[in-house]
Every structure is written in C-alpha cells, then in structure tokens.
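Participant: Top to bottom, those sequences are chains E and L. Letter by letter, the first sequence follows residues 229 to 698 of my numbering. Letter by letter, the second sequence follows residues 117 to 326 of my numbering.
None of these hints come from the bench; they were simulated from the model. No residue lacks a Cβ here, since even glycine has one placed at the ideal position from N, Cα and C. One should not assume that every hint holds.
[Unchecked claim] Chain L stretches covered by chain E per the calculated footprint, using a threshold of three residues with CB under 8 angstroms from any CB of chain E:
id, segment
1, 122–128
2, 299–310
[Stated by the list, open to error] Partner residues aside, some chain L positions facing chain E, computed with beta carbon under 10 angstroms:
id, residue
3, A165
4, R203
5, G213
6, A221
7, P271
Single-letter residue listing:
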Amino acid sequence: MELDANAFARNSRKALSDKALQEALGRTTGRFMLHRAAAVAAFPGFEEARERASAIKMDVLAHLDAYLGRFVEEAEKRGVVVHVARNAAQAREIAARIARDEGVTLAVKSKSMAAEEISFNEALEGAGVTVVESDLGEFIIQLAGEAPSHIIAPAVHKTREEVSLLFERHLGEPRTDSIPELVGMARRHLRAKFLSAGMGVSGANFLVADTGSLVLVTNEGNGRMGAVLPRVHLAVVGIEKVIPRMADLPTFLRLLPRSASGQAISSYVSIVTGTKRAGDPEGPERMHILLLDCGRSAILEGKYREILKCIRCGACLNACPVYQSVGGHAYGWVYSGPIGAVLTPLLVGLPGAAPLPDASTLCGACAEVCPVKIPLPDFLLELRSDARDQGLKTPGEIAGMKGYAGVMKRAGLLEAIERIAGVLGQFFTKGKAIGGMPYPFSGWTERRDFPVPAAQPFRKQWKIRRGVTR
Amino acid sequence: MNEREALFRRLAAASGGHAAGPGEPLPGGAPAAPAGDSVARFADAFTAAGGVLLRGPVEAALSDLGEMLRAEGVTALFFPEDDAEARETVESLVPFGPFLLTTAAAVREGSAAVTAGFRTAEAGIAETGTIVETSAGGKTLLPGLLADVHVSIVPVSSVVDRMEEALSALAADAPRNISFLTGPSKTADIEQTLTVGAHGPKKAIVLLLA
C-alpha cells in the first residue's frame, strides 16, 4: 500500500468534513466498544487470559529464532514450502514467482494486513493473475477501488445504496436496498470464484510452532474456503505471528474475538496443517507460507519490541477518540488507530510517518483494552521524543514544549498564568473551546481545540474542597 | 547466505542469541470449567451463537428438521459416503421432503439446488458452543463448508468442557483440516448489520444424540 502518513493533518480534515463517514464511524466504533465490554464482562477469565497471552508473546519474542525455526521445521515436514522476504519488494517478487510457477490465473484472497503491507494484489496482477478479495467488506472496497478503513470492518464507510450501485455496475445485479440480498449476490459471485480459483491467498492469525499449523479466524467462512478448496494455498504472514504450542491457542482464541467484535468465539476457526494427505478429500496439493520480516527484526532488537505482541484485533482503534473522529484512511497506510500510530513509523521509518505519534491524546484507552497489554501510550510518547532526536520537530514546537516545561516546574508562575487565563478566558471566549489563537500558539490550535481555562484553577478548587483554603 | 539464514541470524542477534529452543509451557492456562452439565452449556452457547439445536433420538427430531429445511428452501441433501450416522439420518429424512439426494462431489462442482449438508462431528465444546469437524481419517469438510444449511450430528459423549480438551486430542497428530464451527456464517460488513450466510451455511443445526 502506498504510504501517505505525512499527510495526516490534511487527510483528517477531509475525514472530519465527510458527513457519511462521521456517521459510520460513530455507529461502528460505539457498537464494537459496547459488544466488547459486554463480552469481557461475561467472561471472568479475561484478565487472566490477557496476562497469560502477554507472557506467552513475550516469551516468543525473546526466543523468536527458536520458535520460528521450530515452526518452519514442522511445516516443511508436512509438505509446506516456506519462503522468507526481507522487504516488501522481495515479498512481491516471491509471491509473483509462486503464482507463475504454480500456473495460477485466478486467486481468491481473504483479508490479510500483511498482504496489504507488501501491496500483494498489484504484485500478482503484474504477473497476470486476477486477485479477487473474498471478505465481503474487502470485496466491496476492491470494486470501489478504495483502501480498507478499519482492520476488521474495511467497508464501514459505505452505505447499502453505494454497495448496490457497485454490484449493479460490476456484477450486473439488480438494485436493491435489502442487505441480505446484497450479501446473497456477493455469496453467489464469490462462490463461483472459490470453486474455480487455482490459488487461495490468506494471512494467518497464528502460526503454531509445535505442529507447523496455521490458524485462520473468520466469521464469514471465506478464510477456510481459500485454505481448503483451491489446488494451491499461499499464506502471507508476519514473522511475529508464531505461538509456541497448540495448547496455547485457546488462550488467544478467548481474547481475539471478544476484543475484536465482542463474540465469545468467531463463527469459524480453521487450523490447517500441511498439504492434503493421502486419502484426504479436500485440501491444497501445494501450500506456501511467505514469512515477512519487512522491518520486524529491527523492531525486535529495539525498545519497541512489545509492539510485536499485537494480535490485530482492532480494539484500540475503536477505543481511540482520535480514530473515532478521523477513521482509518487518515493514517495513510495499512494500520490505523493507536497500533497504526506506533507500528507504521516503526515499519516505514519515522520520517515517513512523523505526524502519527502525535495523533493521540494519550488518554490511555488503547492500553486499557489491549488484549496483550501493549503499552501503547508509552510508545507514542517515546516515539515523540525519537522524532525530536531525529530532527523531525519544528523549532516552534521544541520552543513551545520547553516553555511549557519551564512553567510547569514553577508553581507560582503556573498559578499566576492560570489566574490571568481564567479571567481572560471568561471574557474572550464563548462555549467550551478555543479554536484559534495567534502565532506562535496557532501551531497548536490549528489542529486542536484548546479548552477554555476554568475561572478557578483545578489546584485552587482542590484546596477548597479539602478545606485547606477558601 | 540465503534470505532465510540471514533472517534467523538477525533474529538470533535481536533476541539475545537464545538458541536453546522453546522453554517449558507456562503453568495454568485453561480457566476452570464451571459447575453443571457440560452438554447443557454446549446447547446454550451454540444457541447463543445463532445455531439451532435439536435433541435426538433421530426419529423424534425428523419432523422438526424436515420442516426447518423446507422453510430454508432446501431441495437437496448430501452426506459423506463413509458417515453411517449421517447416512441414516438423511435417509430417514427423505419422506419429510420433497428432498433429493446429491453428493459432496456434485456440490463441489457448483450445485444450483439449495443444499443441506450432514456430517457427524468429532466433538462439541461447551465453553463456546463450538462444533469440531476435521479431516482425520479422510473425512470430508464439504457439508459444513459449502452447504446452505449444515446439520451436524453431535453425540453427547463427544461434548467436552473447553477448547483445550478438544485440541489436545488432535494436536499429537494434527489432521490437515481442523474446523471449529460456531453458529452460521455471519457478516456485518454492510452498515454493521448482522447478516447470515456470507460464504458458509446460512443455518447451523445440531442434532444432539444421546
């Protein structure tokens, strides 16, 4: 996917003025959050599972060479061909070569963020292969020629009317405003593709080291169709997706659907191990796994290692007030929300995604919901200092922050400013926020509303309430 | 040095050069199974996931099942050749039709008929209301994969409490395909509206046999 993360401010403005998107975002994130909260409340073991999953992932990352090595060994024993790509260009080359060598002309794909990272579809189309997205949301946006806007709800920005128009134009289907009918049209169209495609393409939610298995979690059932029906199965997977043992899988399965959609479990969990065996009526004759480094080994080495614990549930997106306002496209690459604000700069380099770590209020909601306990706010803050160290902050920003620090260190000065601001604030503003201040403060208020100072500073109110003063 | 060796060299360097292999599994793990009847919990959880549960014996369930299939517009039934339980159920269901018999192979070729696929499950999982179907012993997955309605025959003796029990029975020599099926195929990709039958079965029925 083409990188456009440095245009975050412009993309956000566009998103904020898109009324349909605003409605869809409000509806979606709110619903996901409610469902997640209900599912977590109904499962008393959630916190324990979280601790355990985090510990397992930390162990994996501390011995990734050993666990990944074991996975490769077990998978190869069962007939899988394992490929390794250092970067996206290499991965594209390998994917195209696999399709060519296997004589594939049509591939059905289920959703994979890893495949998005390497612009998989373009690579295969360049090799003369038609790639059909089979996840309904991805299928819709593929027809529309757009990019996904949410990890687990890629077409959240499309209305049923827009979908029906797309199906009329591209599939020759009659117009309808019935969602079940629209789903039925996609089902018929994609079923024919599943039955005729030479290759199924997927990502993986987990790689199981001790059995060489690949785990796919879906609600629609497209992932398993692509992994079972076509002659060839190709999975594009980040190296961090490995878990040590099949016995560890239930822990992750208790967390992923609850965090993603609020389900106790998704409709389908498919565990596929190796190629079709003698006597098996289904299963691919050939299976390839393309392991992506693409910046991950460098992350593993540094202070952001824990970001590789991510299981791509999307809970942090839904919980994030910034994501709730601007949606996924504004982040300008594959990953959005708090995970995107951390992962994108780490995978593509901070200069290519400098505004993203600032796209956060540091409210901490993301860390609260993360099923593997990634310290996202700490990482966002740390990336901001990295940006300063790398010379990616303007002199105005640096001076502003120094001035802020100078004031915060001096209680008397802070109090004086608070008093003056409190008085001025009552005179010069209406409502609850200041939308525009003169230079040099305009750098701050251009993209943020500044809250109106209270008539009485917080510390004063606190003292009064505690009876210290009046 | 090829890319794979280079990757493992980078990983070894990054993770501090641990080459000893995976450590011991962490202690604990599976949450304690709640008290009470696991079969009843399986039934509740499966129903909560949108599935329809019928209790055997087969003869008693046939009339309800036939009615349900007709309501879904089902005209053709299929089952794995080597699945005696499924064959018996399907054969005794035919008079409740009109239903034709078809084969998994014909459905794979792309059947125009609305189909119901029957299969005996390997296990039921009480924790999540999940049905486990695998390719062990050369069994076909197509009834739960391609049919419009899936009827899964679950012997009560096969119901286990948690996912751990179901997986530990399979992990030692994992078959190519292990499927956890929980309710019908679902999507909410258009306007967040939950709709069944995205790719897999629109209706998931369990026939629970004592």
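Participant: Does each hint fit the structure? Answer for all of them.
Facilitator: Going down the list of hints, with the structure as the test:
Counting residues of the segment 122–128 of chain L whose beta carbon lies closer than 8 angstroms to any beta carbon of chain E gives 6, which meets the minimum of three for the stated coverage. Coverage of the segment 299–310 of chain L by chain E holds. Counting CB-CB distances below 8 angstroms, 11 residues qualify, and the rule asks for three or more. The beta carbon of A165(L) is positioned within 10 angstroms of a beta carbon in chain E (closest approach about 7 angstroms), and the interface hint is therefore held. Here the hint on R203(L) is broken, as its CB sits about 16 angstroms from the closest CB of chain E, past 10 angstroms.
At its closest, the beta carbon of G213(L) sits 24 angstroms from a beta carbon of chain E; the interface hint therefore is violated under the 10 angstroms criterion. Given hint, A221(L) at the interface with chain E, holds; its Cβ is 9 angstroms from that chain's nearest Cβ, closer than 10 angstroms. Evaluation of the P271(L) hint against chain E yields a violated restraint, the C-beta minimum of about 21 angstroms exceeding 10 angstroms.
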